[in-house]
Amino acid sequence: MDLSSFLAATIRMAIPLLIAALGLVVSERAGLINIGVEGTMLTGAFAAFAVAYYTNNYWLGMLAGMLAGCFMTLIFAVASIRFRAPQVVIGCAINMLGSGFTAVLFRKMFFDAQTGGTQVTPFPPIQIPGLSSIPFIGEVFFQHNIIVYIGFILVPAIWFLMNRTSIGTRIIAVGEHPKAADSLGINVFTTRYAATLFSGLLMGMAGAYLAIAQSNTFQVDMTGGKGYIAMAVVVLGKWKPGGVLLGALIFGGSNALQMTLQNAGLNIPNNLILMVPYIVTVLAVLAACKKKAVDASAKGVAYEKA
Amino acid sequence: MKEKLTGLLQSIWKPLVAVFFAVICSWLLLTAFGYPANEAFVSLWDATFGNLRVFGNTLNKACPLLFTGIAVAIGNRGSVFNIGAEGQFIMGCTAATWVGITFTYMPGILLMILMVLAGALAGAAWAFIPGLLKTKFSISEIITTIMFNYIALQLVGYLVRNPMRDLSQAEPQSYTIAEQGFMPYLIAKTKLHPGFLFGCIAAVVIFILLFKTYFGYEVRAVGYNSTAAKYGGINVSRTMISTMLISGALAGMGGAFEVAGSAHYLYEKISNGYGYTAIAVAILANNNPIGVILSSLLFGFLASGSTAMQRNIGVSSSFADIVQGIIIIFVAVAAVSRVKKKRTAPARPGKKPVLKEAKQ
Amino acid sequence: MNVVEMHGICKYFGNFCANKNIEFTLKQGEVHALLGENGAGKSTLMNILYGLYAHDEGHILINGEEVHMSSPSVAIQHGIGMVHQHFMLIPQLTVTQNIFLGMDKETGIVHHIKELDKKVQELNDRFGFNVNPQSLIWQIPVGVQQKVEILKVLMRQAKILILDEPTAVLTPNEVEELFTSIRMLADSGYSIILITHKMSEVMTYADRVTVMRLGEVIGSVNVKDTTEEELAHMMVGRDVHLERQIEPKEPGRPLLEIDHLRVKNDKGLPAVDGISFAVHAGEIVGIAGVDGNGQLELGEAIVGGRKIEDGDIRLDGESVTKANIRRHLDLGLAHIPDDRLTKGLVLQFPIKQNLIMGTQRKAPFAHGLMADNHAITKHGVEMVEAFDIRPHDPEYLAGGLSGGNQQKVILAREVSRDPKVMLAIQPTRGLDIGAIEFVRSKLVEERAKDKAVLLISTDLDEILSLSDRILVMHGGRVMGEVSPDVDVSILGLMMAGKSQEDLKAEQHAAAGGGVQG
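Residue numbers (the working numbering), protein chains in the order written: chain E, 1 to 306; chain H, 1001 to 1360; chain C, 2001 to 2517.
What the hints contain is simulated information worked out from the structure, not anything from laboratory work. A portion of the hints provided could be inaccurate.
What the hints assert, rightly or not - To give an idea of the chain H side of the interface with chain C (calculated C-beta under 10 Å), a few residues:
{"hint": "1", "residue": "V1019"}
{"hint": "2", "residue": "P1184"}
{"hint": "3", "residue": "A1188"}
{"hint": "4", "residue": "L1209"}
{"hint": "5", "residue": "K1212"}
{"hint": "6", "residue": "Y1214"}
{"hint": "7", "residue": "Y1224"}
{"hint": "8", "residue": "K1230"}
{"hint": "9", "residue": "Y1231"}
{"hint": "10", "residue": "G1233"}
{"hint": "11", "residue": "N1235"}
For clarity, every value in this text was computed on a predicted model and none was experimentally measured. Built from N, CA and C at the ideal position, the CB exists for glycine as well.
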């Protein structure tokens, strides 16, 4: 694989992490730790695949994926915000539900597909006119499917949301000092619900990307830890959209590297190569831990009115 | 005595209700998915309590859940959220297998002891790194332990395909451990190995450790309020790492019993997600080691039953994951609503306390 | 004209009555002080007015119209603004973002930062505040943060301002500046309620004063028609005797010695900057100072909970500079932390288990690894009796106790270890009067038993009535040592950063100037 296709693969691999991590930025800054992102992505992937298969329309598939993600975070939100159950525990349960539901339904609805038979038409690559024909740069940046471009647009969009709108300041306020937010008439619960559900849309989108944009089918447990890695990306990016983009690209790169190594025909056992992204995650989180971050200080703590 | 009994009743009725709701939800879901729900439950029962043989299997399935469940429970008590029991269990399996295929000249009992020790050691080692990263660099153990699960999984994949591979088998798996290292079956016509029994002993030991020793006092103090523990002279980092080591050792030990008791060789899917189910096991038991015995039985029953359900009526065995998820959510929500009631109870002098530390 | 009338207000927490049949009125354009001791119910009353607490009985009239204060937004709509004692600012947001937080109608969803900054600047100019709209909150000093809080309230068109102990964290200069602004506001038609327990503030700056005691209003008077003595009498229900609680006593050998100590704060900035002093057996040394001048860091360093950059700490002659907290405890240090809920107690543990924190490994509470539950329970029973911890049940969870009883648990634990040195940091903060007196009497008792007591407190009365000697801290340094019969104004100047030498030099110069003139 040459450099340009390696970089293009980096971007393709980074996008699901990027989109999920941007969702996490919003919900974590609102003060919630949702480790259910893995199961939420998986649900999004399955919903997108199933709807795209039956309607033969990848846009409807994407919509379904996002709504499914939103639904999973709704469960999380009700349990952890309304009932103030421990967030990490509920996150674990969401992962089990996501994994269980998708596996059961997949077996029920696509029994044949387990052998790899059932496929959907995925989002096609779009050649951006003019730009895509630039040598090297064109191949790296401008020959992707539309979700990739949307992912990149989301970076400044989320930045704008968090830093230049009253929605963003409200989110930061309820994550940082919920009592202060409450005293200013900001509804802590509503804000947290909204942030969580919004993050669910993005997590679902990231999952849908895996099933109907990056590939053209669903596989049981196809997220393979990408949700957890997205959490690491958020830590690495210090809860800022720009940083998250960088973090996602690093992990995308390690994924692309893993693929390159697999295809290179080197005499390295496959399993050892497959470890790379996980080891990179641990090392990256270790590297990021020293610096001061802007993470919400009321994180993981359910709010209770006096 | 009567007080203790009512206390016990008070502490188990909520988990029981949660389980009951989960059963109803499961029935509704199965029906909604178009499966014959009643038949599913019958096959679940037949496959787990139908006769002595299958009941032995249920206990064997409960054994890894018991060990990993205690592992997660002690972690939760000390506020180290060990989602890495899965990886530690796998590493325990690996180390025990290595011992079993390497020291083939050893007498059986010695080999078994060595396998269990090796499993415990490997599990502890696998937990040590996330523990160190948490205490020294305050890196969340949640991300690191999960990453270590994936790394362990790939490591086993590598081992059973390359250095440890038994080429006489079609599927990638390791050599079989020395036969004298097979743990004996306890009851005739069953494959019940002593793992569950030892697990019960471990549960009692950990219960005593947590609630009857100063070490357990320190673990729980750190778990509830590490700042107060620190000002009380407790070395918080050391306590957390000890908790993590014990937790990892227990999970690893569970792996060793799995290899020596039922699998007898290493293969990629040896864990079947036990370490994740363990989270549900521990939560249902309110992180009480003795309670884990009961909840591991329930989930062992679910694990061995779900395979039968897949075989008989075609529901994916992952249906067990759904049930687990539902149980966790119900229990977690119920547990918190109880805490809330306690907190708002006014502190009235002279009134008999309703406030007790949740132990059972 | 009355802008606020509160009639027959009652508020219960559980079966504790925090406000009993309160009558309160506020006139337009006045500075109205709400005076009372800690726990008198002032903050509760104002939280009701601001809609943070729901009252159980009574009704509230704003500008003559009855209003149901169901939430702060209702209060804001009716022109009420509150500046809380603990600032309600978001550290990660800018001054402007904080001021406009929750004001979507004014800002729109998308913030035009420049315009908003300009609006803040205009308000700044109108009331003589000098706040940079673009600064992040965590980067600016508390005095400025207080102004941001006031700007926040003004931006919301509030005409009625509630200030909850606004001077608690300010230096005398900042206090002066604050009240200049407050007077300016009152003169331009704003009505201001000032919650305070400081008599001097009431006499100097307020027009009218309402005194509260134990959840009840004792009376409302015009400041110019009353005297400090009368107010003090209303406030405490007896003649104040700021009299000394200790008899003179010859101190013994030094038990705690601090030598050129340097410590950094959480932000990595110097917090304790080369301090030296000693506390001897049988004396109470008080450390006075405004919050945030390094006292907390000093306390944490003495306990062993904070890294020591330079210098030495000795407990009864033995250096503990590099020792961990357990070593400090073993060498005879007792510690009443500033925050009992996070540092002092495990709320989920019963009283008896909290009582052995620090001694859990020692006989009789442990034999080998095993804990001795009988010994722990017996100790618990003895302690709840001896310290009158209510309820008298060692099995009761610490989290269910009142603040005073929680503090008694900590006291019982620390005293029963028979320490050599007692370090008490803000030991009476947030307690009711009974508990305060109990805690203080225990500190005096420890002194009588020849312990060395170091009392770090921002409560000047406490320092003055308990200490043998007083050290004043400012900016991480000791400004000087004074005796408790010192002129309070000198103490105030030292707390504001004048060192004793400076003061002497000034006095000398003044005296010299007098001779010349």
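These are the hints, each one checked on the structure:
Violation of the interface hint for V1019 of chain H is found here, the shortest Cβ-Cβ separation to chain C being roughly 25 Å, above the 10 Å cut-off. Violation of the interface hint for P1184 of chain H is found here, the shortest Cβ-Cβ separation to chain C being roughly 33 Å, above the 10 Å cut-off. For A1188 of chain H, the shortest C-beta to C-beta distance to chain C is roughly 40 Å, which exceeds 10 Å, and the interface hint is violated. Interface hint at L1209 of chain H: satisfied, since its Cβ lies 8 Å from the closest Cβ of chain C, which is below the 10 Å cut-off.
With 10 Å as the threshold, the beta carbon of K1212 of chain H comes within range of chain C, its nearest partner Cβ sitting at about 6 Å, so the hint holds. Among the interface hints, the one on Y1214 of chain H holds; its C-beta lies about 4 Å from the nearest C-beta in chain C, closer than the 10 Å criterion. Checking Y1224 of chain H against chain C: minimum C-beta separation of about 5 Å stays under 10 Å; hint holds. At its closest, the beta carbon of K1230 of chain H sits 6 Å from a beta carbon of chain C; the interface hint therefore holds under the 10 Å criterion.
Contact between Y1231 of chain H and chain C, as hinted, is supported at the beta carbon level, the nearest pair being about 5 Å apart and thus within 10 Å. At its closest, the beta carbon of G1233 of chain H sits 4 Å from a beta carbon of chain C; the interface hint therefore holds under the 10 Å criterion. About 7 Å separates the beta-carbon of N1235 of chain H from the nearest beta-carbon of chain C, less than 10 Å, and the hint is met.
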